Amino acid sequence: MEEVILEYIRNEYLDEDDEEDIELDSKTPLISSGIVDSFSMVSLKRFLEKKYEISIPDAEASAEAFDTVANIVRLIQRHQGDA
Amino acid sequence: MAYPSAIREVHGSQLSEIREQGLYKEERYIHSPQSARIQVEYPSGAAVKAVVNLCANNYLGLSSHPDVIQAAHAALDERGYGLSSVRFICGTQDIHRELEAALSAFLGTEDTILFPSCMDANAGVFEAFLGSEDVIISDRLVHASIVDGIRLCKAVTDTYKHANMKHLEQKLEEHQGKRVRLIVTDGVFSMDGDMAPLDEICSLADAYDAMVFVDDSHATGFIGRTGRGTPEHFGVLGGIDVITTTLGKALGGAAGGCVSGRKEVVELCRQRARPYLFSNTMAPPLVAGALKVLEILSSSTARRDKLEENTEFWRRGLTEAGFVVKQGESPIVPVMLYNARLSQDVARDLFAEGIYVIGFFFPVVPQGQARIRTQLSADHDIPLLEKALEAFERVGEKHGILGLDKKGIIEKFGM
Ligand SMILES: Cc1ncc(COP(=O)(O)O)c(C=O)c1O
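These protein sequence lines are chains U and Y, in that order.
First residue of the first sequence: 2, per this note's numbering; consecutive thereafter.
First residue of the second sequence: 1095, per this note's numbering; consecutive thereafter.
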């Protein structure tokens, strides 16, 4: 799951010439570092919901919950548990 | 009245943190009108020094133009200093409407509404005509004032990679279910000096039934054959639904901004835009000055032509000297240094050489993208720029960066 989300973020947020400069792993801050802008979180949330067949309430889609891939994975696993 | 010492300490430590991170912005005191050559006191208390100004938005050299000053003087005598009112109470003089009409004619739009600044125009415009059933799809490098305006609006938000049309197309497809899709971009990007490909953006907008918004603050008056801005450059004059721009840069540089475009959008701004409704009207001397600026620009392209010539000379000169220059055609010419400390050191050494420029680094530009942003003006001339170029070469030589590419600079100085 981690790899799938990292791949999405690489495609969606990094340009070819950034890729060599920016190291991205599950602990890299995404929003606080400026890699992911808060305006596109809707898109990221929608991708996760579709991919993992879950529904994330808006209240839980905070900048904090989305700030690292590790956090995102935790959030998804919690919701998959619900289903 | 209560400002307990504990809170004072909290604020104090926030300020120290800003200093420790090297992000503290120090103002330099200018003792002369805005121009190609200015008198600068820096650091504070130091003797005033004559320097060449390469960091003003005075693209057309109109900030201190005698005809503009005279027009402002005349309005001061005839219409007074200020109006002490918002527009819709008793703050609209005939000249305000005249300026709005002149801007519409210049930009090739249906109607225009003035704001106290372009920051205010961007803060108010989105909320005035979009709601929760709409989506705003913005370029990831749009100006901070647009970011704030989008935040104030209830529309759904999304972004696309800087100037990446494939990505924009994906996003337009994804949001076909929305009532309005608004594509939002700067015309010229202020930190990079590159332009949004408005021809392609307009084609996509046609194909995917979207509106187009352009902030042309760094283009109005000089980009395009007759200075109408990026829409003219890309052959889509009259095709942009909403343009915002400023009177605070090329157009005299005093203050003021506007929203120009579809007349219903302009009218909705007049009824609803909060920075328009709840902030004072533009002062008469500024309105008259801006009218004179538009008159000057409509009668001759000499100033934008000279600016273009200066820009070409400068871009070529820096590149040949061995600096890494962001490619583009605008008079915003960033010299890439990547490392924040290096950008500060180079700016300081240039100041000692009599060249006034500023180093920009994170968070104003992305991490590892520090640079010196140089900006040309029609007030500059080639001999002046030749001297400035020599100073750049001396400083570049001193730091051993001439001829190095991005990799070379990063290897030597780190990110
Ligand atoms: C792209 C852009 N939009 C808006 C503004 C704000 O303009 P004003 O100074 O009129 O508020 C600026 C100026 O910094 C700008 O660069």
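Check before you lean on any hint, since a few could be wrong.
Pairs of lysine-lysine, DSS-like flavour, derived with a Cα cap of 30 angstroms [to be verified]:
hint	chain 1	residue 1	chain 2	residue 2
1	Y	Lys1420	Y	Lys1119
2	Y	Lys1400	Y	Lys1420
3	Y	Lys1501	Y	Lys1143
4	Y	Lys1255	U	Lys51
5	Y	Lys1119	Y	Lys1500
6	Y	Lys1255	Y	Lys1492
7	Y	Lys1400	U	Lys28
8	Y	Lys1248	U	Lys46
9	Y	Lys1500	Y	Lys1420
10	Y	Lys1400	Y	Lys1481
11	Y	Lys1400	U	Lys52
12	Y	Lys1248	Y	Lys1357
13	Y	Lys1260	U	Lys28
14	Y	Lys1506	Y	Lys1420
15	Y	Lys1260	U	Lys46
16	Y	Lys1501	Y	Lys1248
17	Y	Lys1501	Y	Lys1420
18	Y	Lys1420	Y	Lys1357
19	Y	Lys1506	Y	Lys1492
20	Y	Lys1143	Y	Lys1357
21	Y	Lys1501	Y	Lys1255
22	U	Lys52	Y	Lys1260
23	Y	Lys1506	Y	Lys1260
24	Y	Lys1260	Y	Lys1500
25	U	Lys51	Y	Lys1501
26	Y	Lys1481	Y	Lys1492
27	Y	Lys1255	U	Lys52
28	Y	Lys1143	Y	Lys1500
29	Y	Lys1119	Y	Lys1357
30	U	Lys28	Y	Lys1492
31	U	Lys51	Y	Lys1400
32	U	Lys51	U	Lys28
33	Y	Lys1481	Y	Lys1143
34	U	Lys46	Y	Lys1255
35	U	Lys28	Y	Lys1357
36	Y	Lys1481	Y	Lys1501
37	Y	Lys1481	Y	Lys1500
38	U	Lys28	Y	Lys1506
39	Y	Lys1506	Y	Lys1481
40	Y	Lys1400	Y	Lys1357
Please keep in mind that the hints were generated in silico from the structure rather than gathered at the bench.
Just so it is clear, the structure is predicted and the values come from calculations on it, not from any experiment.
Against the structure, the hints come out as follows:
For the proposed pair Y/Lys1420 and Y/Lys1119, the alpha carbon gap of about 24 angstroms is at most 30 angstroms, so the pair holds. Proximity of Y/Lys1400 to Y/Lys1420 is assessed by CA-CA distance (about 21 angstroms); at most 30 angstroms being required, the pair is judged to hold. Among the hinted pairs, Y/Lys1501 with Y/Lys1143 is inconsistent with the structure: their alpha-carbon atoms are about 36 angstroms apart, more than 30 angstroms. At roughly 22 angstroms between alpha-carbon atoms, Y/Lys1255 and U/Lys51 fall within 30 angstroms of each other, so this suggested pair holds.
Distance hint between Y/Lys1119 and Y/Lys1500 is fulfilled; the C-alpha atoms sit about 26 angstroms from each other, no more than 30 angstroms. About 37 angstroms separates the Cα atoms of Y/Lys1255 and Y/Lys1492, which puts this hinted pair outside 30 angstroms; it is violated. As the CA atoms of Y/Lys1400 and U/Lys28 are separated by approximately 51 angstroms, the hinted pair breaks the 30 angstroms bound. Distance check on the hinted pair: Y/Lys1248 and U/Lys46 sit about 18 angstroms apart at the alpha-carbon level, within 30 angstroms; holds.
With a C-alpha separation of about 11 angstroms, the suggested pairing of Y/Lys1500 with Y/Lys1420 holds against the 30 angstroms cut-off. For the hint linking Y/Lys1400 to Y/Lys1481, the alpha-carbon distance of about 18 angstroms falls within 30 angstroms, and the restraint holds. Annotation: proposed proximity of Y/Lys1400 to U/Lys52 is violated, straight-line Cα distance about 55 angstroms (limit 30 angstroms). Between the alpha carbons of Y/Lys1248 and Y/Lys1357 the distance comes to roughly 22 angstroms, so the proposed pair stays at or under 30 angstroms and holds.
Of the supplied pair hints, the one linking Y/Lys1260 and U/Lys28 holds, its CA atoms being roughly 29 angstroms apart against a limit of 30 angstroms. Between Y/Lys1506 and Y/Lys1420 the alpha-carbon distance is near 20 angstroms, which keeps this suggested pair within the 30 angstroms criterion. The straight-line distance between the Cα atoms of Y/Lys1260 and U/Lys46 is roughly 21 angstroms, inside the 30 angstroms bound, and the hint therefore holds. Restraint check: the Cα-Cα separation between Y/Lys1501 and Y/Lys1248 comes to about 43 angstroms, which exceeds 30 angstroms; the hinted pair is violated.
Among the hinted pairs, Y/Lys1501 with Y/Lys1420 is consistent with the structure: their alpha-carbon atoms are about 15 angstroms apart, no more than 30 angstroms. A C-alpha spacing of about 37 angstroms is found between Y/Lys1420 and Y/Lys1357, which places the hinted pair above 30 angstroms, so the restraint is violated. Simply put, Y/Lys1506 and Y/Lys1492 have alpha-carbon atoms about 14 angstroms apart, close enough for the 30 angstroms limit, and the pair holds. Straight-line distance between C-alpha atoms of Y/Lys1143 and Y/Lys1357 comes to about 49 angstroms, which puts the hinted pair past the 30 angstroms bound.
Of the supplied pair hints, the one linking Y/Lys1501 and Y/Lys1255 holds, its CA atoms being roughly 23 angstroms apart against a limit of 30 angstroms. At most 30 angstroms may separate the alpha-carbon atoms for a hinted pair to count; U/Lys52 and Y/Lys1260 meet this at roughly 22 angstroms. For a cut-off of 30 angstroms, the pair hint linking Y/Lys1506 to Y/Lys1260 is broken: about 36 angstroms separates their Cα positions. Among the hinted pairs, Y/Lys1260 with Y/Lys1500 is consistent with the structure: their alpha-carbon atoms are about 27 angstroms apart, no more than 30 angstroms.
Distance restraint check for U/Lys51 and Y/Lys1501: the Cα-Cα separation of roughly 40 angstroms exceeds the 30 angstroms cut-off, and the hinted pair is therefore not satisfied. Among the hinted pairs, Y/Lys1481 with Y/Lys1492 is consistent with the structure: their alpha-carbon atoms are about 17 angstroms apart, no more than 30 angstroms. Distance hint between Y/Lys1255 and U/Lys52 is fulfilled; the C-alpha atoms sit about 22 angstroms from each other, no more than 30 angstroms. The straight-line distance between the Cα atoms of Y/Lys1143 and Y/Lys1500 is roughly 33 angstroms, outside the 30 angstroms bound, and the hint therefore fails.
Taken as a hint, the Y/Lys1119 and Y/Lys1357 pair is broken in the structure, with Cα atoms around 40 angstroms apart against an allowance of 30 angstroms. Simply put, U/Lys28 and Y/Lys1492 have alpha-carbon atoms about 40 angstroms apart, too far for the 30 angstroms limit, and the pair is violated. Between U/Lys51 and Y/Lys1400 the CA atoms are separated by roughly 55 angstroms; this puts the pair beyond 30 angstroms, and the hint is violated. Between U/Lys51 and U/Lys28 the CA atoms are separated by roughly 23 angstroms; this keeps the pair inside 30 angstroms, and the hint holds.
With a CA separation close to 17 angstroms, the supplied pair Y/Lys1481 and Y/Lys1143 stays within the 30 angstroms bound. Our distance criterion of 30 angstroms between C-alpha atoms is met by U/Lys46 and Y/Lys1255, whose separation comes to about 18 angstroms. Using a Cα cut-off of 30 angstroms, the hinted pair U/Lys28 and Y/Lys1357 is violated, with the two alpha carbons roughly 49 angstroms apart. At most 30 angstroms may separate the alpha-carbon atoms for a hinted pair to count; Y/Lys1481 and Y/Lys1501 meet this at roughly 29 angstroms.
For the given pair, Y/Lys1481 sits about 26 angstroms from Y/Lys1500 by alpha-carbon distance, which is consistent with the 30 angstroms threshold. Straight-line distance between C-alpha atoms of U/Lys28 and Y/Lys1506 comes to about 28 angstroms, which keeps the hinted pair within the 30 angstroms bound. For a cut-off of 30 angstroms, the pair hint linking Y/Lys1506 to Y/Lys1481 stands: about 28 angstroms separates their Cα positions. Restraint check for Y/Lys1400 and Y/Lys1357: the C-alpha separation of about 34 angstroms exceeds 30 angstroms, so the hint is violated.
Hint violations for this structure: numbers 3, 6, 7, 11, 16, 18, 20, 23, 25, 28, 29, 30, 31, 35 and 40, all remaining hints satisfied.
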